[in-house]
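Top line first, the protein sequences correspond to chains C and Y.
Heads up: the first sequence at position 111 corresponds to 110 in numbering that gives the first Met the number 0, and the numbers run straight through without jumps.
Heads up: the second sequence at position 12 corresponds to 11 in numbering that gives the first Met the number 0, and the numbers run straight through without jumps.
Hints are computed from structural coordinates only; laboratory data are not their basis.
Among the hints, a few may not be true.
What the hints assert, rightly or not - BS3-like cross-link-like pairs, simulated, lysine-lysine; straight-line CA separation at most 27 Å:
hint : chain 1 : residue 1 : chain 2 : residue 2
1    : C       : 181       : Y       : 84
2    : C       : 174       : Y       : 20
3    : C       : 182       : Y       : 84
4    : Y       : 85        : C       : 181
5    : Y       : 20        : C       : 61
6    : C       : 182       : C       : 167
7    : Y       : 20        : Y       : 68
8    : C       : 167       : Y       : 84
9    : Y       : 15        : C       : 61
10   : C       : 141       : C       : 26
11   : Y       : 84        : Y       : 68
12   : Y       : 15        : C       : 174
13   : C       : 101       : Y       : 85
14   : Y       : 68        : Y       : 15
15   : Y       : 68        : C       : 182
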Amino acid sequence: MHTLFLDAPFTGDVSLSSSVLDYLQSKKVTRVGLYASVQFCSQLEKVYAQLASAGVEVVTSKADRTHVVGQLLGCDSDLASLNLTAAQHESIEAYVYVGDGKFHPLALVYAQKDLETTQVKEVVCADPMTNQMSIMSVDVIKGILRKYRASLMKFLSCSRVGVIVTVKPGQEHLKAALTIEKKFPDKKFYFFVDDNVSFGQLENFPFIETWVNTACPRVGFDDQEKFERGVINLNDAFLAAKLVSKTSLMMKV
Amino acid sequence: MTLYDAELNSAILRIKEVDAKVVCIQLPDGMKPMAQDIERAITEATSARVLIWLGSNFGACDVPLGLPKMGCDLLISWGHNQFHKKAEGW
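Start from the sequences and build out the full structure, keeping to the hints where you can.
See the structure below:
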């Protein structure tokens, strides 16, 4: 079977509204990290020009799973995956996201969860469809990070763990999932397969004390509340002891 | 005017290039209401049978399984570009 992906580019004008530019000026922002979802990222010339005229430098990158520079996916939700160095992150005063919705820009907030700071770089969301601006700060994920922190601790202390693996080729990570047994020889891991994460089925396996997610990493965050027994993402499971001993944003909120 | 360009010329061109007999169209939620127009455009321009994916389209990581068993020879997925899966897991 052949597959064709079509970007479905936005048909309107892609530019920053005066409210975005005024906000950046009011905060004395001189350098931003710029990202956009795929419908907008091929039409950013005007945005670059506007920022240059306002004296704002741009830092961007090609995130691991994306196809073009400046594109943002929901799953590239950590700095390493964004291919952004800590120094680059430090060098900017804010992120600017061009696009609609909350899903993509939230990745830029989650990307800061393991930094040893409480000063999150705000994400200034510029929606070309509505010309509305919204600001995302750590406040939008505080509750989730607290639950995630509790899930990390539960994972470390429990003995029976359910590992969720999806059969969807783009999200399937069985090989990586199976390596968790060697890292934690004292725990019993049960491997569950599904073509989507069936939240309603979780309670049918009461012997599972907590869950590890290997499908979309955003499931571990955005869907945290759907896991009564908690869930963490696979990459964090490997680092769980280190993560809970850090003075990171996630451990401080 | 629609908010997104469905790039129908590209879709139809690819259907003809691969001589697809059964095409599945997969749309993100924001474009699902455009399924009627897309189906019409494809069936008017080609002889392909169009199947409309009802379920999720979270990204290019989220392509439907089982389509070849139904004789589907082309999947067209809107709203995403090529996904570069990290082979080593995450």
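Status of each hint after checking the structure:
1. 181/C with 84/Y: The given pair, whose Cα atoms are some 24 Å apart, holds under the 27 Å limit.
2. 174/C with 20/Y: 36 Å, violated
3. 182/C with 84/Y: 24 Å, holds
4. 85/Y with 181/C: With a Cα-Cα distance of about 21 Å, the restraint between residue 85/Y and residue 181/C holds, given a limit of 27 Å.
5. 20/Y with 61/C: Distance of about 36 Å is beyond 27 Å: violated.
6. 182/C with 167/C: 25 Å, holds
7. 20/Y with 68/Y: Given that 27 Å is the threshold and the Cα spacing comes to 13 Å, the pair holds.
8. 167/C with 84/Y: 12 Å, holds
9. 15/Y with 61/C: 33 Å, violated
10. 141/C with 26/C: 23 Å, holds
11. 84/Y with 68/Y: 24 Å, holds
12. 15/Y with 174/C: 38 Å, violated
13. 101/C with 85/Y: 24 Å, holds
14. 68/Y with 15/Y: 21 Å, holds
15. 68/Y with 182/C: 39 Å, violated
When held up to the earlier numbered hints, the structure conflicts with 2, 5, 9, 12, 15 and fits the remainder.
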